[in-house]
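*Asks:* As numbered in full-length UniProt numbering, residues 1 to 322 make up the sequence shown, in order.
A couple of the hints might just be wrong.
What the hints assert, rightly or not - Under the rule of at most 27 Å between Cα atoms (straight-line distance), these lysine-lysine pairs were calculated in the DSSO-like manner:
(1) Lys191 with Lys126
(2) Lys320 with Lys162
(3) Lys232 with Lys77
(4) Lys249 with Lys158
(5) Lys77 with Lys45
(6) Lys126 with Lys115
(7) Lys168 with Lys249
(8) Lys320 with Lys237
(9) Lys232 with Lys4
These are computed hints drawn from the structure, not numbers from a lab.
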Amino acid sequence: MSQKIITILGENIEPGKSYELDFDVAKLHTASSIDVPIIIERSKKPGPTVLFTAGIHGDEVNGVEIVRQLIAKGINKPKSGTVICIPVINIFGFINLSREFPDGRDLNRVFPGLKNGSLASRVAYKLVNDVLTEVDFVIDFHTGGSGRFNAPQVRIAKNSSKLDALAKTFGAPFVLYASNLKKSFRSTAYKAHIPMLLYEGGKSNHIDDNVTNTGVNGAKRVLHGLGMLNSKFKVSKPKKESVFITASKWQRANFSGMFKASVAISTKVENDDIIGNITDPYGKFNHFVRANSSGYIINVNESPIVYQGDALFHITSKLKNQ
Numbered sequence: 001m002s003q004k005i006i007t008i009l010g011e012n013i014e015p016g017k018s019y020e021l022d023f024d025v026a027k028l029h030t031a032s033s034i035d036v037p038i039i040i041e042r043s044k045k046p047g048p049t050v051l052f053t054a055g056i057h058g059d060e061v062n063g064v065e066i067v068r069q070l071i072a073k074g075i076n077k078p079k080s081g082t083v084i085c086i087p088v089i090n091i092f093g094f095i096n097l098s099r100e101f102p103d104g105r106d107l108n109r110v111f112p113g114l115k116n117g118s119l120a121s122r123v124a125y126k127l128v129n130d131v132l133t134e135v136d137f138v139i140d141f142h143t144g145g146s147g148r149f150n151a152p153q154v155r156i157a158k159n160s161s162k163l164d165a166l167a168k169t170f171g172a173p174f175v176l177y178a179s180n181l182k183k184s185f186r187s188t189a190y191k192a193h194i195p196m197l198l199y200e201g202g203k204s205n206h207i208d209d210n211v212t213n214t215g216v217n218g219a220k221r222v223l224h225g226l227g228m229l230n231s232k233f234k235v236s237k238p239k240k241e242s243v244f245i246t247a248s249k250w251q252r253a254n255f256s257g258m259f260k261a262s263v264a265i266s267t268k269v270e271n272d273d274i275i276g277n278i279t280d281p282y283g284k285f286n287h288f289v290r291a292n293s294s295g296y297i298i299n300v301n302e303s304p305i306v307y308q309g310d311a312l313f314h315i316t317s318k319l320k321n322q
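Make the full structure from the sequences, and use the hints.
*Replies:* So this is what it looks like as structure tokens:
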């Protein structure tokens with residue numbers, strides 16, 4: 001981890017300097033150029049290289065806001081090592097607030113990509129081969145899907161003491177052990193032996209202050225733990241220790257109708273607690289949704305209309321050392 005010249009997108013990046021490079025893959029269909037800025041800050045002092053990414057899915061704007069704040073506040077300017085920020089990877093989806101690329105592909109399912117493949121595959125290939133090769137740690141910021149609000153949480157693979165320690169340092173309320181999805185960015189980094197924390201919080205097309213603050217504070221803690229955070233920034237301790245989750249399950253709707261949750265995200269519930277209700281538009285039907293297990297609620301469906309079988313709540317079912 002000596003502070004030497006590194007190469008990003010074919011350009012030599014020298015210690016003690018700031019760079020803004022263009023992650024240029026393709027033009028819009030209007031022939032207009034489209035630039036994805038990569039912001040790089042290097043200290044003269046040796047240290048690790050940390051990559052912050054967001055916007056792999058174009059509608060996950062809360063992650064974009066977290067990385068934006070890291071840059072705007074100067075948190076990305078390290079006292080040692082190197083910080084690379086890519087606030088929006090899927091700029092094509094971000095323009096339209098769409099999860100996928102224009103060709104309908106999910107960028108997070110085409111890694112490590114192909115040099116001459118689909119548009120999404122080319123972006124993945126360039127990210128892996130022209131950026132990731134110089135990186136020691138990655139924090140990738142995501143959000144929940146449309147209408148489903150995720151409690152702030154970090155997702156990591158099992159059986160990695162390095163990831164466990166990194167997640168504990170980040171300090172999100174929950175750490176969920178989740179398998180690396182095939183052809184995902186996280187899976188590719190794992191195979192390259194590059195530790196990655198995947199942060200999930202909130203929902204798509206929405207910015208939530210608590211989710212944002214948790215992500216920014218977590219990033220500061222990780223940089224501080226690596227000896228990289230500028231001394232002008234204060235590091236706060238998490239209000240509570242992270243809850244490590246080894247198993248969880250979705251509770252689904254037994255009826256179709258108008259839905260309203262009656263418990264807040266991150267609440268710990270007991271089996272048979274009333275956690276919501278489903279009604280019809282005519283005032284003739286009211287079904288109380290009761291928890292079918294005890295645990296923490298880490299995702300809530302915020303859609304006002306649900307159908308039988310829709311996922312309503314994601315509830316933890318087993319915690320580490322439980």
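*Asks:* Hint by hint, which ones does this structure get wrong, listed from lowest number up?
*Replies:* No hint contradicted; all consistent.
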